[in-house]
Amino acid sequence: MNNPCHTLSRVAATLLSLITIGALFAVPFFAPRAIVQDLFGVLTLLVLALNWNMLAGFAGLVSVGQQAFVGIGAYAMFAAVILWGLDPMVGILIGGLAATLFAIPMAFFTFRLNGAYFAIGTWVVADISRLTAGQWMALGGGTGTSLPKGTARDMFGVEAIKEVLDVSSAAAADALTYWVALTLTLLLLVASYLFLRSRMGLGLQAIRDNANAARSVGVDPVRIKVAVFIFTALGTGLCGALMFMQITRVTPDAAFSVIDWTAFVIFVVVIGGIGTLPGPIIGVAVFYCLQRLMADYGTAYLIVLGLLGIPIMLFARRGLWGTFVDRTGLEILPLRHLAPPRRCSEDVSRLAASQPANGMENRRSVTSI
Amino acid sequence: MSILSLKAVSKSFGALKVTDDVSFDLGSGEALGIIGPNGAGKSTLFNLITGNFPVDKGQIFLDGLDVTRESAMMRCASGIGRSFQIPQPFGRLSVYENLLVAARFGGTVPATEAPDFCMDILERTRLATLANREAGGLPLLQRKRLELARAMATRPRVILLDEIAGGLTEAECRELVDTIREIHAGGTAIIWIEHVLHALNSVVERLIVLNFGQVLMAGPPEEVMASRAVQEIYLGIEA
Ligand SMILES: Nc1ncnc2c1ncn2[C@@H]1O[C@H](COP(=O)(O)OP(=O)(O)OP(=O)(O)O)[C@@H](O)[C@H]1O
Ligand SMILES: [Mg+2]
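Protein chains in written order, with our numbering: chain A, 2 to 370; chain B, 3 to 241.
The following block holds chain A by itself, in its conformation from the complex:
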């Protein structure tokens, strides 16, 4: 047992993440506005990636309709601000709520389908919602609409941030949305971790490994999967509302874009490591670095990302993080439930005592393969 070593690396990891989180929160105090906006983009992409990874990587629900929740979150937020005159921050919550509510009938429909049909089903539902949003004349129909001028300036908290940071209203609004995005990301990470470590999360991993056996030990796959579907709809809807609040303009095509809110996200998750918690973080980091490195070459980073993605999908199925873990055995955010150690010493002595029998067992199992 390398327990002391284990706890030491635990402490180091905790300290490191606390420092990182602190530094991330401090960014608007020292970094230029462009960096804050960039990081906002990174964080929102990460939120989408964490949600999709939870769906596809852990629950086996390969959805290509996540743009439905982004779009519904965005449209609900715009409705809340423009039609009902609410604060955009309240609008974001309403966006999340609307996406969650929409997930219930959507699950009812798409959960009748399996595998590829489920994927297509989610995409169809998302596209129907795009077309429906285009019919919402109060929000500009097919051409969309913008948030009224000054919405950002009047937003709850902006005035205070403006005072403290001594910046323009626009920069203060950027800082605020950045902090909200960072909070959302952290909440989601913690929630995902706690969920996966919970009874339901364990059941979910059992289903992923063998659905038939999982049912036979009393796990209800549908119930857990519906829970994940609805939970990730909330995260995705909040994120959609937040992103479009920052963009301040919404159109059906932008808000329900399968490329931007699903295809990209799938890519990021696959590169980073599908079915692992740190995977999406690695994927988003790689994505951001490429974007920075190749900022001068237009969208060349997309081509490089594609060229990077293909060998990873072919030769490193579990992505960069999964491969790293397989090679090194090092695991941060481990999901394992360790067996209680109380009998370990006893086990070791028993193992030593039964050495000859064990040797036999090994020999036979080799021949039986």
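One thing to keep in mind: the hints can contain errors.
A partial selection of chain B residues facing chain A, derived with a Cβ cut-off under 8 Å [to be verified]:
hint: 1; residue: N54
hint: 2; residue: R84
hint: 3; residue: V103
Far from chain B, some chain A residues (derived; all Cβ distances over 10 Å) [what the hints assert, rightly or not]:
hint: 4; residue: L40
hint: 5; residue: I83
hint: 6; residue: T133
hint: 7; residue: G143
hint: 8; residue: L166
hint: 9; residue: V220
hint: 10; residue: D221
hint: 11; residue: V259
hint: 12; residue: Q292
hint: 13; residue: I311
hint: 14; residue: R337
Because the hints were derived from the structure by calculation, they are not lab data. Backbone N, C-alpha and C define an ideal beta-carbon position, used for all residues, glycine too.
Fit chain B with the ligands to the supplied structure of chain A, relying on the hints for placement.
Chain B with the ligands in isolation, oriented as in the chain A frame:
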């Protein structure tokens, strides 16, 4: 009163009738053995009892309640635990976690008691030293033990065991028989499909012989083993 009863259960795969009008009762706490040649439909019968396959005709009762239309998950919750003939571990979970799932869901063991509960079973099935190993990496014999252990962790009132003694040494086989006797002594009813007859007959109180999906005969082990029909079948396949 019987805990499990099958009433005229039938199942076909296409034109092949794999379970043909099977009826029997299992007393609560009884140990029943099922034997029969390969392909007789023994494993299929288990899959019908557990709800992994839907029946074509007939009814299955648990505690006198009709569970024929209940899902596998519900039947586990109402007390049917099983092992799979071809082991189906949760490959990326550890051995301990395989039991933890079974204990927390099927066994409804509270979170605080689950670790000790699972470790006890792992010790009884000689898997404790492998507790934190990934189940997908285990060799076949250990996978079979895991099947037994995981079924036990669902705290069943009826446990269905499908060929778990094959390939064991004499000593290991005795250990296994002892474990199964313990389970039985704890009041759990057992149905055990097994080709290793001496192990089976040292545990069960009654034998059912399946052949071509039908119950050929049923009775105390000595009687069944002495019968002409069974000897023919078994000489036929063992020779
Ligand atoms: N899912 C399935 N689809 C089609 N045929 C099946 C299926 N499962 C089993 N069978 C067929 O049903 C018959 C009975 O199979 P079963 O596994 O129940 O036999 P068994 O008595 O358990 O045999 P063994 O002693 O070899 O385990 C076999 O002919 C098998 O090929
Ligand atoms: Mg069989």
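For this session: Run the structure past the numbered hints and jot down the numbers of the failing ones, going up.
Result: 9, 10 and 14
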